[in-house]
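Participant: Protein chains in written order, with my numbering: chain A, 2 to 299; chain B, 2 to 299; chain C, 2 to 299; chain D, 2 to 299; chain E, 2 to 299; chain F, 2 to 299.
Hints were generated in silico from the structure; no laboratory data involved. Wrong hints could be hidden among the right ones.
If chains are identical, the list can't say which one is meant, so a pair holds when it fits in one copy or spans any two.
Within a straight-line C-alpha distance of at most 30 angstroms, the following computed DSBU-like cross-link-like pairs (lysine-lysine) qualify [said to hold, decoys possible]: (1) LYS25 <-> LYS122; (2) LYS246 <-> LYS122; (3) LYS246 <-> LYS25; (4) LYS234 <-> LYS246; (5) LYS293 <-> LYS246; (6) LYS66 <-> LYS122; (7) LYS13 <-> LYS25; (8) LYS66 <-> LYS234; (9) LYS293 <-> LYS234; (10) LYS25 <-> LYS66; (11) LYS246 <-> LYS13; (12) LYS13 <-> LYS66.
From a predicted model like this one, the values you see are computed outputs, not experimental measurements.
Protein chains: 6
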Amino acid sequence: MDSFDYSHILTKAVDELSDSRSYKGLFHQHKEGDPLPSSTSLQRIVELSRAILFPGYFGNSTVNKHTVPYHIGVNVECLYNLLIEQIQAGLCFGQENNGLKIQEESSRETAALLAARFIGKLPELRRILATDVEAAYYGDPAATCFGEIISCYPAIRAISNYRIAHELLMLGVPLIPRIITEMAHSETGIDIHPGAQIGHHFTIDHGTGVVIGATCIIGNNVKLYQGVTLGAKSFPLDDNGNPIKGIPRHPILENDVIVYSNATILGRVTIGRGATVGGNIWVTEDVPEGAKIAQHKR
Amino acid sequence: MDSFDYSHILTKAVDELSDSRSYKGLFHQHKEGDPLPSSTSLQRIVELSRAILFPGYFGNSTVNKHTVPYHIGVNVECLYNLLIEQIQAGLCFGQENNGLKIQEESSRETAALLAARFIGKLPELRRILATDVEAAYYGDPAATCFGEIISCYPAIRAISNYRIAHELLMLGVPLIPRIITEMAHSETGIDIHPGAQIGHHFTIDHGTGVVIGATCIIGNNVKLYQGVTLGAKSFPLDDNGNPIKGIPRHPILENDVIVYSNATILGRVTIGRGATVGGNIWVTEDVPEGAKIAQHKR
Amino acid sequence: MDSFDYSHILTKAVDELSDSRSYKGLFHQHKEGDPLPSSTSLQRIVELSRAILFPGYFGNSTVNKHTVPYHIGVNVECLYNLLIEQIQAGLCFGQENNGLKIQEESSRETAALLAARFIGKLPELRRILATDVEAAYYGDPAATCFGEIISCYPAIRAISNYRIAHELLMLGVPLIPRIITEMAHSETGIDIHPGAQIGHHFTIDHGTGVVIGATCIIGNNVKLYQGVTLGAKSFPLDDNGNPIKGIPRHPILENDVIVYSNATILGRVTIGRGATVGGNIWVTEDVPEGAKIAQHKR
Amino acid sequence: MDSFDYSHILTKAVDELSDSRSYKGLFHQHKEGDPLPSSTSLQRIVELSRAILFPGYFGNSTVNKHTVPYHIGVNVECLYNLLIEQIQAGLCFGQENNGLKIQEESSRETAALLAARFIGKLPELRRILATDVEAAYYGDPAATCFGEIISCYPAIRAISNYRIAHELLMLGVPLIPRIITEMAHSETGIDIHPGAQIGHHFTIDHGTGVVIGATCIIGNNVKLYQGVTLGAKSFPLDDNGNPIKGIPRHPILENDVIVYSNATILGRVTIGRGATVGGNIWVTEDVPEGAKIAQHKR
Amino acid sequence: MDSFDYSHILTKAVDELSDSRSYKGLFHQHKEGDPLPSSTSLQRIVELSRAILFPGYFGNSTVNKHTVPYHIGVNVECLYNLLIEQIQAGLCFGQENNGLKIQEESSRETAALLAARFIGKLPELRRILATDVEAAYYGDPAATCFGEIISCYPAIRAISNYRIAHELLMLGVPLIPRIITEMAHSETGIDIHPGAQIGHHFTIDHGTGVVIGATCIIGNNVKLYQGVTLGAKSFPLDDNGNPIKGIPRHPILENDVIVYSNATILGRVTIGRGATVGGNIWVTEDVPEGAKIAQHKR
Amino acid sequence: MDSFDYSHILTKAVDELSDSRSYKGLFHQHKEGDPLPSSTSLQRIVELSRAILFPGYFGNSTVNKHTVPYHIGVNVECLYNLLIEQIQAGLCFGQENNGLKIQEESSRETAALLAARFIGKLPELRRILATDVEAAYYGDPAATCFGEIISCYPAIRAISNYRIAHELLMLGVPLIPRIITEMAHSETGIDIHPGAQIGHHFTIDHGTGVVIGATCIIGNNVKLYQGVTLGAKSFPLDDNGNPIKGIPRHPILENDVIVYSNATILGRVTIGRGATVGGNIWVTEDVPEGAKIAQHKR
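Please model the entire structure based on the sequences and the hints provided.
Facilitator: Pasting the structure below:
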């Protein structure tokens, strides 16, 4: 007897696992010809966007001022093609969930339009990301130059992904934006929902553990430290006891707010212009303009 | 004189670093023919498990309902072969530390048996992970569909790795389970020890910074937020001043408990059924059923 | 009309993005022939260093006691060559920011000298990392052997990168050290600035969310838990309102200090020898030798 | 002056090379959304076909009799998807040259039909390739087993590619078949045009330098040695002096013919059943049944 | 009706192709745990051998005189491990064909012994390959240095593979040697059977189309040009009409013979010491010492 | 006793193989900092050149008429950088053999100049390759379009590599040109020495086995078939019995010559304008203008 032959166990497992009742709800029934959301392609989309927005810092090529237009031209074209595919993947995914049935060509056509619109927004994205780089530089005595911030600060990585994802979400693309911000979440520990609205000169120091919820509104010149949560306190349930989607439930931070490490701000409260929230505290009510709140002294 | 020739420095460093006294305790003396634990193989094991458990969401192939059995069949076989190798690597590692000496064939035979048993558990793993997906969906107003949760929620990634690792640990496999949960820790910031016991419908929101210790017992329908620690308060030392291994030292959370962000629960305390633990607090004593505890108001 | 032709949008975006005014300050003007900082090369540098420091645990090869010198010899040579390139990349980057103009040969020569010096420090690095492994083992009842700690504890990964980066920073290499510690930050959620000074037998449990600032001084036998911040409280501004660089602004932790999870210690305060800082608290003043401070009971 | 700055030369070259007059006829004007012929995909198609036809010899997996159906199922699905894409690429390429304009959807639909038909032919392909393996084995005293022939004889590689390509050509697929036979030409030095018709039990010994033209007809049990040419002698020109396409111009070899090394047979001649053609000779006339022709003795 | 659904065709093909009667003789029934012959591993074996034999010409590393021993040490160890696996794969393959049944451990043990013996022959292999390099250099006015010959002459590539494969065959390894010479055949068009015996200072100019049969005996200082065949004229059949294996049937070339391009020498004839065989001729009889034979003048 | 321990055999082999006397003449003593000739880089150089010369046929990108300049710009820059490195590698290699000692900077400067000059020749290379494509198309009744010829005819691949290599050789680059033509030799079986001079509208049908020697001169509109050798008959030796380098010793083919398969033309003979050389013959004397020579009839 061959003690290695466990093929009956394997065969039984394959049979059970292939029984369609066992994977109901956990199976993505792929439609022939549709593209699949691909984390590799989305990673590439983010890298290409970074290479376009910050020339010379990302990508393999040794770009110089003579060759910038060539590189941007090729990267934009490549980004456009990848975006069409992934936006179409997102649209197909969305349809499925909506029970809608769109023609494949029409979804491809829509995807091409949205991809082009996204690319049309890149100059604006560069302008606003430049303000985030400035904010990080002037807010950190340990920063030695813009280049250091662009190439290795996790905040810039997370904010870039967020700003890319937010544009895609505004264009109506399902699923894909969330995957893009979760990529940054995994790399940086900073979890910004693509639905949040965030002004210019935004920065996050260190960043691990930061959570910014889907309905947050953040003004200009806001700075957060590591471990800050801008979350929901509770959420109303519908008649079936399920959470009702889409209700504003996260904080509003007005311009010039600073929130120190591990502070938790919950619910649709407003932190007024110029207010400072101290570390390790729990805030569930409005904070007036210019106020400074902190943990009780030990 | 060639100013580049620092070969004497390099040679001296090589000599010192090759001196066996210098790497005592830091060296893995590999036995000829034994497989090595390989993070690449373990990553592949996790990916194959995900592709089997959630068909159509992971893996390169465009699976559809006609081809599900083929894909699961190939993935199960591939998983089986990789598991044999890595379980054997774990067993060899374990022996070494135990000063035991097992025959290589016998370790391979044992590995094959354990790998088959693990695969026999996959249908059950799928059933319980389905409850975790449900819990994540119904607990998050920002979730748009099961697909979004399966493809990008870090909690599902961390809980999947934990449930896979826990099964392997229960089968008696050394080292490998811990490497698998540390992979998820690195990707998600959620650190669940494979030794913990966790019921169905478990979910973690955002998740960065969550720590669940080796002797935790968690009931059904439990929800944790980011930054929650379920840790040990202190641990008894043996006569040599070293910590005694294996003593229950982490919390018990009964069914339907919720713990908010950055709360820290330490020691073998029990949080009673249906209790709610507020954010940013420090708990070192039992909490009664249905209680709601929170930080002092500022 | 072909509804897919959005080439005018793409062309317009390429033109705007290639306009040098739009990328001012965000562009790395690469000098012909200079190496570029490369995260792939730096990742390889870290992996080679690990393979040299902990033989048999990292790297693809099946090293044994007969072949240790061959492997270390080849790895040291490979590390040396990669270091020369990346140190030169860092030096070029530094020059640019300093407005200095160094000859390329001279930067390469300097890089070779620094690379050799770094390699000369590897035996010492191994000695101190061995103490960190010991500290992790004796401090964690869940640890089963040194091998488990070396192969999968995030603290060892983060501390290794920090110790490598710190040596490079001490040698005067710009930029590269920070990229190396940020790699570990991304993988482990532990953010140690390469400028910090840290003694032997240092350990961090779980680790996600730990922040150790640039001017921290940490003694021997210190242990931190997850979520601990050793940060700056505030920093003086110069006449232009920009932060002044290089001023000591982070805590000093003397020997034998323990800091529990999510504690925040800010500013140039001193935590005295043997003191214990409880979890989730906020410390901005000196703590005397041997003191135990904790959050107010709820 | 920087002696390295040759950017004016590069810029001038880019301008000239981008001038559309300079690449007229050498440019493949790609239509948005069409797949491109891809040698990587075609290589994969050939490898998948081999893995299906000769289970256990090709492909990474460790197939056994329990898992054969899973592997063939997955490989067939993967082959089907790649074929659709590459057949569509071929069809688009064909259209372009024909000045035809087919709707993209219709080309994809056609490609799917042709891909399915090709897969329907695989069982027949396996039957005929089995006869080729037999012929190689019984014709070579150096062959030790079928396995050796399947895994490393260049003749089997070249004949497999030819038989795959011939089926695709019969189905009306442009370009792709030729690329597939040229792949085998590059690997083996055996150049079989996909248009040739070749019976069962066909074999080629050594093979380098063999050429079999587009209109050849080869019977059953035919054996060729290395360097044999079955070519065209001359071809009629049209009124513009261009060769007229599609005219039978290559030899017919009836059943049981043997042609020795470096023989050259040119034009629409017939080599009769059972004839033997000696090495290094030049044949431009019919050879009767059973004849043996050879070079003049020196 | 969905015109893309050809799943019935695919399913039918999968069923037919999975029917074990259809792949009888074409299937490699893999035994659980045995290594598979792998062209990737064998390619790596050849590359490692080249890197060891010709230090500095092959392999990624920048070897210099200080680091030669490290590189050779690592390469030898890596070669040893790969050889054990592939020799074992060959032995398993051989057993299967012989109907023998060897214990797996014993095959691994045998493989390790043979791998070690092969490595013990490497110094001798280097000595004889050095004579081949010399012969190529002094025989070709176009050669500019030894380095050019080592790095790009196809003859050296083919002869290296042959000499490696011949050693393995002499050690009794089945299958693997033939795969190694067929690799060189594919790359260079030079087909040397591993069974041939070839003396020192052997060279082949250009080489495409050269065939050297399994029972050839070639002396020292022999030179062949492209397209030369040293083949069998005919071979005796056994009672079943199958070729009898192992009978000497290929030419003997004594020392100092030159054979010009496209000459064909067939059968167990002897070309005497110092003889010259002209191009494009057909030789089936002995040629005396020092003779010069050529094609009839046109 | 452990029957697997053959470390003494391995150690002895390493020692012998590391003894510098054993690898004298077979060792490339690499100078610190010099680039190495790299077949991967050279392959990339050839691919980039093809992508530039034949836009849309090679390379991964989906180039269209709007984006041609971007792609050519990026490819030219990338080609330029790779060429500098590989030309410098060739120059260093050349120096070594010449016993010359050039400063590294100066070799890099020279390499940059030569790389720029090569790129300046690309438009001319495209013009002449266009004539070769034409010649292949009009000379082959089986060719269906220019695209088929560009994408899969081995002649175009071999002639492209030759024309690239010839330019580099004319610029004075050592070694690299020969490696480039040997790459094509390996892929196509066509061996064209980079030193040969070849006119426009050159084509080779099938091609396997063609050899064109270093001092050949070939006019315009010449066509060769497979297996044709244009070689040297013999070469004068110097006083040491070594061949004298650089003497014209290969044939001259004037315009409009056709040479049929397996013909061998040797020595500095002239084949006059418009002559036809039949297959399988051996030519060592001049052939007059317009003559047709052929093998004796059997």
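Participant: Each hint: holds or not?
Facilitator: Against the structure, the hints:
no., hint, result
1, LYS25 <-> LYS122, "between (40 angstroms within a copy, 18 angstroms between copies)"
2, LYS246 <-> LYS122, "within (28 angstroms within a copy, 36 angstroms between copies)"
3, LYS246 <-> LYS25, "within (24 angstroms within a copy, 42 angstroms between copies)"
4, LYS234 <-> LYS246, "within (14 angstroms within a copy, 39 angstroms between copies)"
5, LYS293 <-> LYS246, "between (33 angstroms within a copy, 26 angstroms between copies)"
6, LYS66 <-> LYS122, "both (23 angstroms within a copy, 24 angstroms between copies)"
7, LYS13 <-> LYS25, "both (19 angstroms within a copy, 26 angstroms between copies)"
8, LYS66 <-> LYS234, "neither (51 angstroms within a copy, 41 angstroms between copies)"
9, LYS293 <-> LYS234, "both (22 angstroms within a copy, 14 angstroms between copies)"
10, LYS25 <-> LYS66, "between (55 angstroms within a copy, 11 angstroms between copies)"
11, LYS246 <-> LYS13, "neither (41 angstroms within a copy, 38 angstroms between copies)"
12, LYS13 <-> LYS66, "between (63 angstroms within a copy, 16 angstroms between copies)"
Going down the numbered hints, you'll see the structure goes against 8, 11, while the others check out.
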